[in-house]
Amino acid sequence: MKFYLFKYLIIFNFGLYIGFADIKRGQEVYNQICFNCHGPKLDGGIGPSLVDSYWKNGDSYDAVYRSIAKGVTGTEMIAYELVYPEKDLHALTEFIIDKQEGNRQTQRSTYARDYFVGKRLHPDLFDSIESTSQTRLPENFYYVGRMFDGVLRGQSKLFIKTPGKYRFNVNGKGRTSIWVNGKEVHYSNDKKNRDTYFTNEFELSAGIQDLEILHEEPTSHSMRFGVRLQKLNGKHWMLTGKSLEGSVPKVVRSGEKAKVIRKWIDGLPPRTLLLLLPNRVLLAYDSASGKIIKGWESAFINQTPSLDSRSQKKSEVKGIELTGIAKTVLEGDRFNLLHYETSGDSVIIATLVDGQQKEFSISPDGKNSYKLSF
Amino acid sequence: MNILSALLLLFSFSILSAQIPDGYKIQSISLPRGSVSVLGLCHKPDGTLAICTWEGEVWERKGDVWTKFAENLMEPNGIYFDEKEDAYYVGQKPELTRLIDLDKDGDCDRYECITDAFGISGEYHEYHFGPVVDSLGRKYASLNLAARGEFTVPDGKPFGKGGGNMSYNAPWRGWVYRSDRKGHFHPLASGFRSPCGIGMSPEDELFITDNQGDWVADCALYHVREGNFYGHPASLPARPDFTKEKVLSMNAEDFEKIRTSPAVWLVREEIANSPGSPIWDTTNGKFGPFKGQMFIGDQRQSNYFRSGVEKINGEYQGWCIDFLRGLESGPVKMSFDSQGRLWSAQVGRGWFSKGGKRTAIQYVEWDKKTTPFAIHSASLTKTGFSVRFTERIGKKMTPKVSSWGYHYYSTYGSPPVDQQELKVSNYQLSKDRKTVTFDVPLSKKKIYAITFTEQRNTEAEMLDFDTIYYTLNQTRPVREPRPGRNVGWSLAGSSWNRNDKNRPLPPVVAPLSADKCAIPAPKEATQLDSTQWTNPNWLLDKNGVMPRGKGNNSTVKAYGDARIHLEFRFDQSDNPDWKGQLYGNSGIFLMSGYEMQVVNSFQNPTFADGTCGSIYGQHPPRVNSSRKPGEWQSYDILMKAPVFSEKGNVDQPLRVTAFHNGILIHNDTWVYGEVGGPYKKHGKRSLMIQDHKGTGVSFRNLWIIEDFPYDLNLPAFRNTFPRSSASSI
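So the sequences go chain by chain: E and Z. Residue 0 is where the first sequence starts when you use numbering that gives the first Met the number 0, and the numbers rise one by one after that. Residue 0 is where the second sequence starts when you use numbering that gives the first Met the number 0, and the numbers rise one by one after that.
These are calculated hints, taken from the structure and not from any lab test. All figures in this text were calculated on a predicted structure; none of them were measured in a lab. You may find that some hints are simply not true.
Keeping only pairs whose Cα atoms sit at most 20 Å apart, straight-line, the calculated PhoX-like set for lysine-lysine is [what the hints assert, rightly or not]:
#1 Lys67(Z) with Lys256(E)
#2 Lys256(E) with Lys103(Z)
#3 Lys181(Z) with Lys357(E)
#4 Lys67(Z) with Lys258(E)
#5 Lys103(Z) with Lys258(E)
Covered stretches of chain Z (chain E as the covering partner; in silico rule of three or more C-beta atoms under 8 Å from a C-beta of chain E) [as the list claims (entries may be wrong)]:
#6 69-82
#7 85-98
#8 107-113
The C-beta atom is built at its ideal place from N, Cα and C for all residues, glycine as well.
Could you build the full structure based on these sequences and the hints that come with them?
This is the structure:
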């Protein structure tokens with residue numbers, strides 16, 4: 000067992016569970032049943048991803064264990080305490096926790112400004128008075144509501160996989176204090192400009208680290224503050240962002256009928272029709288070139304969640320990319336889409352090809368293929 | 000409490016407080032699950048409310064029950080229900096789409112692409128707003144520029160320090176267009192930045208609101224006239240007479256010469272920051288005493304404001320004033336229901352909205368009896384203004400008047416320039432105590448803020464909003480047209496009058512070379528040789544050349560749908576008296592009644608809709624691709640005969656697609672009627688060539704394919720000639 004997990008168990012779950020469960024056993028259990036919905040790489044399928052930062056039902060050890068043991072009402076996630084012994088459920092929880100990386104278990108507390116006037120921001124100050132609100136943030140990044148008028152305290156865990164040198168990249172007007180494992184690594188008080196600060200570098204070992212962010216800035220319609228954790232010459236993680244404001248990212252999955260979806264996907268032309276067939280095969284048909292340019296099996300679409308963004312965020316295709324799927328459906332130079340409709344499990348597309356009207360249909364074929372008919 | 004927090008408290012109070020005129024109330028509506036940001040709404044004649052959402056769904060609400068009609072669209076930013084077709088139209092980001100429920104089970108079955116002829120690069124800001132519809136059922140929509148990209152027009156200023164940031168990444172961005180029917184795309188006007196408000200007046204006049212930014216000094220309401228340029232130069236490369244290089248070689252002064260100013264500046268913070276679509280009060284008094292006025296919502300201010308325009312020197316200008324504040328979120332699109340309630344789709348996503356909520360649907364209702372005390376409207380006089388109130392005013396209060404102008408430059412927004420307090424004189428109150436007139440110094444290209452501080456009515460009630468803003472582009476002329484001659488436009492939708500001398504001339508482009516234009520007559524074509532014409536004064540010589548003769552010349556045979564080719568040549572003339580419409584005038588009268596103009600338009604300007612290739616008095620050609628007098632030129636015409644009902648109504652108009660010297664000049668153009676008047680029911684009729692006063696014209700190589708089905712052949716016909724950039728739509 001890796002040391003950091005040991006540490007984790009000691010610190011956070013001492014009262015609940017004492018013992019060294021086996022991550023390997025957890026993986027076995029995962030591969031027996033969980034992967035069907037959550038994907039072989041834990042990145043989601045019918046069920047949500049277990050490695051992204053959005054944890055609707057909580058990402059603490061207890062919360063993850065509870066979701067597994069008791070199930071999640073209103074979803075296909077059943078109570079697995081009826082299926083596996085308690086020991087296996089702990090093993091599975093550990094396996095999942097072991098896969099996490101970045102900011103987790105994010106708590107946001109807010110405080111009235113008055114107490115902090117003229118005092119340097121320090122965790123002890125916050126500990127000595129009561130907060131005005133305390134919220135778990137399932138998105139695992141920090142945000143505040145519009146016209147926020149107060150002081151922000153964020154407390155979370157950094158799940159570090161690669162030991163080495165790290166630093167924060169901070170920007171935003173106001174004052175900011177960042178603490179890692181009880182030590183202040185950054186302090187800035189920016190009255191006028193919104194400069195970008197790179198904090199001094201510091202060492203992080205693999206494992207779970209305590210992070211605390213203290214921040215105050217003048218009221219504006221949305222918080223200017225931004226902070227990012229960077230591994231030197233490595234990955235980086237945004238720790239601030241925009242709230243989902245309670246709505247869950249929409250996922251479009253295959254159903255009994257075929258679906259045609261128009262969403263913005265990275266790397267696909269904006270006039271692509273995404274054809275999602277009942278066998279979960281997803282095809283990207285480019286209406287401007289008459290070609291199927293990509294395909295996936297076990298696919299679904301993660302639609303841009305209704306984040307507080309100007310729709311810069313693209314939707315994502317999830318699934319296993321099929322090779323050798325690209326195909327010219329119709330030969331020609333100029334394509335003009337006429338219409339599309341779904342008929343049972345098929346999609347019918349009508350298009351002009353060099354001025355001539357052509358129609359074809361695409362239907363599911365087996366588990367991971369499709370057939371074309373004219 | 001220190002001063003800062005006192006100010007903050009004051010500020011937060013001011014954004015939360017509602018200001019609702021007497022007699023009006025706001026009602027909120029529950030939204031269907033999953034509708035996280037509502038972008039558009041419309042009403043069906045049966046009272047059903049339909050909405051479209053950023054999430055790509057269309058929902059219908061009957062009573063208070065929501066049902067999903069369509070889904071998985073890309074950011075539909077506007078919805079319209081077409082009663083005749085029993086179908087919805089939505090402006091999705093990549094295309095204008097018709098949603099059809101084939102089996103009438105309340106669920107959309109067919110998604111039909113009406114047009115996707117405009118470009119899209121994938122930059123998030125390339126929004127597509129609309130459609131709105133004119134009385135002929137034609138759809139209009141607007142296309143945003145991108146927020147980032149390669150083609151910006153900084154006019155010498157560095158990016159971030161005043162240089163323009165909005166970019167032209169793909170064709171027709173920054174334009175509004177019209178689509179007459181499936182497959183049709185007609186770019187209408189250019190120069191827009193973020194034209195998120197679009198509205199069609201009851202008189203078929205298109206209005207656009209744009210958002211303040213680079214090249215847009217302040218939020219603006221434009222009256223859109225076909226062919227005009229409204230100020231943002233990044234959109235200009237789409238025009239056939241511009242290139243990117245040419246645009247970059249120009250500066251603000253050059254653009255100023257060709258741009259059209261807004262009809263009304265929507266003063267920022269006071270009135271608007273992100274105005275939505277205008278809608279006209281057509282409720283006949285059900286929504287209060289503001290009949291015929293424009294209502295516009297602002298996404299940031301969470302308000303409704305009113306606006307009105309008047310025609311001065313042939314152009315619209317007018318006023319705006321706040322109407323109601325305190326909506327839950329940011330209104331973007333509006334609709335009146337049959338009870339005269341004003342509904343709005345509101346969204347606070349992406350851009351901050353004072354209302355604070357992420358999204359909302361609300362309606363505003365008038366109690367049908369209480370007249371709110373408000374400034375009703377303002378009008379320019381020759382020496383000042385006349386301001387009307389909704390009720391009799393109490394003690395006379397002289398208004399305070401200030402004026403300012405704006406810069407026109409690549410910087411984001413403009414501060415007020417040359418701001419002045421003006422001396423008010425000659426105050427007069429009308430007998431009914433509702434209209435105040437006064438004199439102030441007037442100058443052009445200025446905004447006038449007219450404030451009636453402390454003005455009360457006879458009941459001692461105060462005004463909710465005491466300032467009306469008037470945009471003065473033009474002063475009143477000494478002699479004005481007779482009343483009645485100063486409303487509307489004879490060419491609906493394009494907002495020009497027939498033979499309007501102010502209408503922009505079609506851009507001049509190079510024709511295709513003569514060998515590329517020479518196409519052999521197909522086998523099924525009939526040569527219109529001397530045996531095919533009826534007027535003996537028109538003689539074909541031994542070379543097959545037929546000079547214009549005395550009297551019009553008609554074919555022996557009558558034709559309907561047809562493919563026509565002909566060549567013509569103007570005699571050279573150095574006589575300065577024979578210019579304009581007199582330099583080589585004739586005309587091709589399709590079905591004897593619909594004229595495609597033949598006149599020398601090579602360096603011989605005339606009014607736009609009389610240019611060579613125009614549908615005379617209606618549509619100028621897209622471009623002017625004329626050759627010199629003395630050279631042979633060609634027309635290739637595909638035409639669809641009008642279809643009349645038994646009663647003689649026009650079911651389908653005559654349509655024309657045509658090339659002049661190999662360049663597309665009409666793209667499925669909707670002909671409004673005969674050259675001399677409206678449509679009159681007829682069947683097949685002769686092709687006719689006109690005799691007209693003017694220097695000489697000759698014709699040759701005329702051939703026609705009769706009964707040539709238009710719709711079937713249109714896609715291939717559009718590809719008759721190699722495409723030049725001027726032809727690409």
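Here's how the hints hold up against the structure:
1. For the proposed pair Lys67(Z) and Lys256(E), the alpha carbon gap of about 16 Å is at most 20 Å, so the pair holds.
2. At most 20 Å may separate the alpha-carbon atoms for a hinted pair to count; Lys256(E) and Lys103(Z) meet this at roughly 18 Å.
3. Distance restraint check for Lys181(Z) and Lys357(E): the Cα-Cα separation of roughly 16 Å lies within the 20 Å cut-off, and the hinted pair is therefore satisfied.
4. Note on Lys67(Z) and Lys258(E): the hinted pairing holds, with a Cα-Cα distance of about 15 Å set against a maximum of 20 Å.
5. Between Lys103(Z) and Lys258(E) the CA atoms are separated by roughly 19 Å; this keeps the pair inside 20 Å, and the hint holds.
6. Given a C-beta distance limit of less than 8 Å, the hint that chain E covers the stretch 69-82 of chain Z holds, as 4 residues qualify and 3 suffice.
7. Taking a C-beta to C-beta cut-off of 8 Å, the stretch 85-98 of chain Z contributes 4 residues in contact with chain E, enough for the three needed, and the coverage statement holds.
8. Taking a C-beta to C-beta cut-off of 8 Å, the stretch 107-113 of chain Z contributes 5 residues in contact with chain E, enough for the three needed, and the coverage statement holds.
Hint compliance for this structure: every hint is met.
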